[in-house]
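First to last, the protein sequences are chains A and B.
Residues 29 to 580 (this note's numbering) make up the first sequence, in order.
Residues 3 to 59 (this note's numbering) make up the second sequence, in order.
Some hints could be false.
[Unchecked claim] Pairs of lysine to aspartate or glutamate, DMTMM-like flavour, derived with a Cα cap of 20 Å: (1) A/463 x B/53; (2) A/280 x A/290; (3) A/463 x B/54; (4) B/55 x A/290; (5) B/55 x A/94; (6) A/392 x A/465; (7) A/463 x B/43; (8) B/55 x A/181; (9) B/15 x A/465; (10) A/105 x B/43; (11) B/55 x A/465; (12) A/35 x A/221; (13) A/105 x A/465.
[To be verified] Computed list of chain B residues with no C-beta within reach of chain A, every gap over 10 Å: (14) 4; (15) 5; (16) 6; (17) 9; (18) 13; (19) 17; (20) 20; (21) 26.
FYI, nobody ran anything at the bench for these hints, they're computed from the structure.
Values in this document were obtained by computation on a predicted structure and should not be read as measured data.
Cβ atoms here follow ideal geometry from the backbone N, Cα and C, with glycine treated the same way.
Now for the letters of each chain:
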Amino acid sequence: MIAQLTKSERQSALVILLALAVVGLAMAAGGRHDPFGVHGAIVLLAAILGIFGVISGYYAPEPSPDRLDSYYDSPTKFGIIVAMVWAVIGMAVGDWVAWLLAYPEWTFDAAWASFGRLRPVHTSGVIFGFGGNALIATSFYVMQRTTRARLPDQLTPWFVLFGYNLFCIIAATGYLMGVTQSREYAEPEWYADIWLVIVWVTYFILYMRVLARRQEPHIYVANWYYLAFILVVAMLHIVNNLAMPISWGSAKSYSLFSGVQDAMTQWWYGHNAVAFFLTSGFLGMMYYYMPKRAGRPIYSYRMSIISFWGITFFYMWAGSHHLHYTALPQWVQSLGMTFSVMLLVPSWVSAGNALMTLNGAWHKVRDDATLRFMMVAAVFYGLTTFEGSFMAIRPVNSLSHYTDWTIGHVHAGALGWVAMITFGAIYASVPWLWKRESMYSAKLVEVHFWLALAGTVIYVFAMWNSGIIQGLMWRTYNESGTLAYSFVDSLVAMHPYYIARAVGGAFFLLGAIIGFYNILMTIRSAPSVETQNAADFPVTGPAAAPALQPGE
Amino acid sequence: MTITHDLLVWLSKSFGLFYLIGLSLIVLVYTYWPANQKPFEHAAQAILDDDDKPYRG
Ligand code: HEM
Ligand code: HEM
Chain A
29 MIAQLTKSER QSALVILLAL AVVGLAMAAG GRHDPFGVHG AIVLLAAILG IFGVISGYYA
89 PEPSPDRLDS YYDSPTKFGI IVAMVWAVIG MAVGDWVAWL LAYPEWTFDA AWASFGRLRP
149 VHTSGVIFGF GGNALIATSF YVMQRTTRAR LPDQLTPWFV LFGYNLFCII AATGYLMGVT
209 QSREYAEPEW YADIWLVIVW VTYFILYMRV LARRQEPHIY VANWYYLAFI LVVAMLHIVN
269 NLAMPISWGS AKSYSLFSGV QDAMTQWWYG HNAVAFFLTS GFLGMMYYYM PKRAGRPIYS
329 YRMSIISFWG ITFFYMWAGS HHLHYTALPQ WVQSLGMTFS VMLLVPSWVS AGNALMTLNG
389 AWHKVRDDAT LRFMMVAAVF YGLTTFEGSF MAIRPVNSLS HYTDWTIGHV HAGALGWVAM
449 ITFGAIYASV PWLWKRESMY SAKLVEVHFW LALAGTVIYV FAMWNSGIIQ GLMWRTYNES
509 GTLAYSFVDS LVAMHPYYIA RAVGGAFFLL GAIIGFYNIL MTIRSAPSVE TQNAADFPVT
569 GPAAAPALQP GE
Chain B
3 MTITHDLLVW LSKSFGLFYL IGLSLIVLVY TYWPANQKPF EHAAQAILDD DDKPYRG
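Only chain A is shown next, with the shape it has when bound in the complex (with noise of 0.2 Å):
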């Protein structure tokens, strides 16, 4: 990897470092009562390791000039390999904690094992862990695609991914110790907060760097929805984590916001989490690779125009149905309520478009595991769009809110959405990426795709009944007026939902480690010469024969 580097991105990598173990240990130092001082350690620790590495290729030769003439992807082959092992590691918590709501005593008495200590590693882990690594991947294959331009040097990629995943260990390791802000999604504190600002700041230069450098006059509308999620979460970000540390020397602080205004800002932050993590990137990747893998261009490019802007406009206001019947005045709730019916239109119109697209290569879609997880991916954001926009009718939250309908619509969402797409676009790029001619088993990945399958659906059945269960029992009246059932009563109910619930989720592990398994043998397999899948060639010239870097 260091290989890759120039003389001159080696040194700048070196400094990056050097500064970046001051930082560390200036925080161990400043923060040795604290758990600051124990992310201090890591982060030393963390810049130590990459000075050795950096150090150890330092006196490689440089890069030969040719490599200007192919695109470059090692991140990107990092990133994905991450990305699984991310995915891994936050759906095994996430089924670790799955078991602990039906069994609530298997915490063995550890504070780190606690449900409200192991919940945000998983949420974070997948979200953060899983779906970012694999975004920021697939945004620099994409946008090297689509610009046909290289990207503009060797360093910043690099520096964004490490960096990024240095954020997603301090955030894991930090709910452990008990450090969080309790913002939703947002739980790292401030010293997190800023180097993700820094981070991401960086990854947001870079994608300019890359559509400046352009050879074709149109952005490809793949872009459009990966800078808006990088540049929207950038914004959402910074202001929902403006907060003051207590001193310099600990992990606390408070937010700059209080009482209700506190409660919409994480709001607002926290749906546009949903709209540009989860949807925006994850729309910018189906739009990339569902094209490519069905052989056929998008069925309609206008409507995927009006759709981002659609999405991009409606999605700002409609955080409010986080907060339906609470302090926030009824106009807000309100107008949080028509926005998110109105986002039906757009979200619809996207999964349509792709559901279009797909028509004519249904022959494909029953043949290819793999553009079969992008179909269903389709299917499931049709579902979970619709969905929320019903959840979203205050008389309809009534019900829901506080259940499991909650948690269903959730992971109809991350399972069936999130996750398969991301799956689909990762089998069609290794691949693409290895050069070679195809997955190692395209049994596994079939194998993977009906665990992922039933694994979402037991999830979903399971949490949607026992959401709306619980939600009646909650309501129900006897003939004097008074609650019929306790809340103990309504946990009885639930737990064969969440046995149910974990199984379902066992499954949906199995498959993500059998697909990681199969990307791994991928890699090991032999490179096809002959390759029927011209897709990642260079098509003349010796020069661009597809030469292994050294250290890939």
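Starting from the known structure of chain A, arrange chain B with the ligands on it as the hints suggest.
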């Protein structure tokens, strides 16, 4: 000037409404502008090209 609740409500009910309608119109005009159809078609097709090499000027 202090920002009051009433002011925000007024803003969102007046300006808020019209700027969203305005933005929608701009998007629709852009999307259906005849001269834009060619680049759109080209972009949709171009990603299917198998020429997997960056451009070198
Ligand atoms: C093996 C698969 C998975 C299992 C078993 C699982 C399990 C769980 C469990 C038990 C919870 C806590 C529910 C509660 O507090 O009542 C949860 C929450 C959550 N999970 Fe998963 N999960 C899985 C995969 C995923 C994936 C792939 C994503 C995202 C891409 C995801 C995103 C979330 C989110 C956002 C929440 C928080 C929901 C909320 O607060 O409303 N999960 N998951
Ligand atoms: C038109 C699109 C959508 C609308 C209008 C919508 C609406 C809603 C509503 C009303 C809630 C429940 C709020 C509450 O009672 O607290 C919710 C929760 C949630 N939705 Fe959606 N949804 C949409 C699409 C999606 C998609 C595609 C995902 C992707 C994974 C998703 C992920 C989530 C998550 C993670 C939560 C839980 C938030 C929390 O309480 O922690 N939503 N959504």
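Hints, one by one, checked against the model:
Taking the CA atoms of residue 463 of chain A and residue 53 of chain B, the gap is about 14 Å. The hint holds against a cut of 20 Å. Restraint check for residue 280 of chain A and residue 290 of chain A: the C-alpha separation of about 17 Å stays at or below 20 Å, so the hint holds. Taking the CA atoms of residue 463 of chain A and residue 54 of chain B, the gap is about 12 Å. The hint holds against a cut of 20 Å. Between residue 55 of chain B and residue 290 of chain A the alpha-carbon distance is near 49 Å, which puts this suggested pair outside the 20 Å criterion.
Between residue 55 of chain B and residue 94 of chain A, the direct Cα distance comes to roughly 12 Å. Compliance with the 20 Å bound is thereby established for this hinted pair. Note on residue 392 of chain A and residue 465 of chain A: the hinted pairing holds, with a Cα-Cα distance of about 17 Å set against a maximum of 20 Å. With a C-alpha separation of about 29 Å, the suggested pair residue 463 of chain A and residue 43 of chain B falls outside the 20 Å cut-off, and the hint is violated. Proximity of residue 55 of chain B to residue 181 of chain A is assessed by CA-CA distance (about 16 Å); at most 20 Å being required, the pair is judged to hold.
For the hint linking residue 15 of chain B to residue 465 of chain A, the alpha-carbon distance of about 58 Å lies beyond 20 Å, and the restraint is violated. This hinted pair does not check out: residue 105 of chain A and residue 43 of chain B have alpha carbons roughly 30 Å apart, beyond 20 Å. Among the hinted pairs, residue 55 of chain B with residue 465 of chain A is consistent with the structure: their alpha-carbon atoms are about 19 Å apart, no more than 20 Å. Of the supplied pair hints, the one linking residue 35 of chain A and residue 221 of chain A is violated, its CA atoms being roughly 31 Å apart against a limit of 20 Å.
With a C-alpha separation of about 16 Å, the suggested pair residue 105 of chain A and residue 465 of chain A falls inside the 20 Å cut-off, and the hint holds. No Cβ of chain A comes within 10 Å of the Cβ of residue 4 of chain B; the nearest lies about 15 Å off, and the non-interface call holds. Under the 10 Å C-beta cut-off, the non-interface status given to residue 5 of chain B relative to chain A holds; the minimum distance is some 12 Å. With a least CB separation of 13 Å from chain A, residue 6 of chain B remains clear of the 10 Å interface cut-off, as annotated.
The beta carbon of residue 9 of chain B sits about 14 Å from the closest Cβ of chain A, which is more than 10 Å, so the claim that it is off the interface holds. Non-interface status of residue 13 of chain B relative to chain A is upheld: no Cβ of that chain comes within 10 Å, the nearest being about 12 Å off. Look at residue 17 of chain B: its CB is around 14 Å from the nearest CB on chain A, clear of 10 Å, so calling it non-interface holds up. A cut-off of 10 Å between C-beta atoms confirms that residue 20 of chain B is not in contact with chain A; the least separation is 13 Å.
The beta carbon of residue 26 of chain B sits about 7 Å from the closest Cβ of chain A, which is not more than 10 Å, so the claim that it is off the interface is violated.
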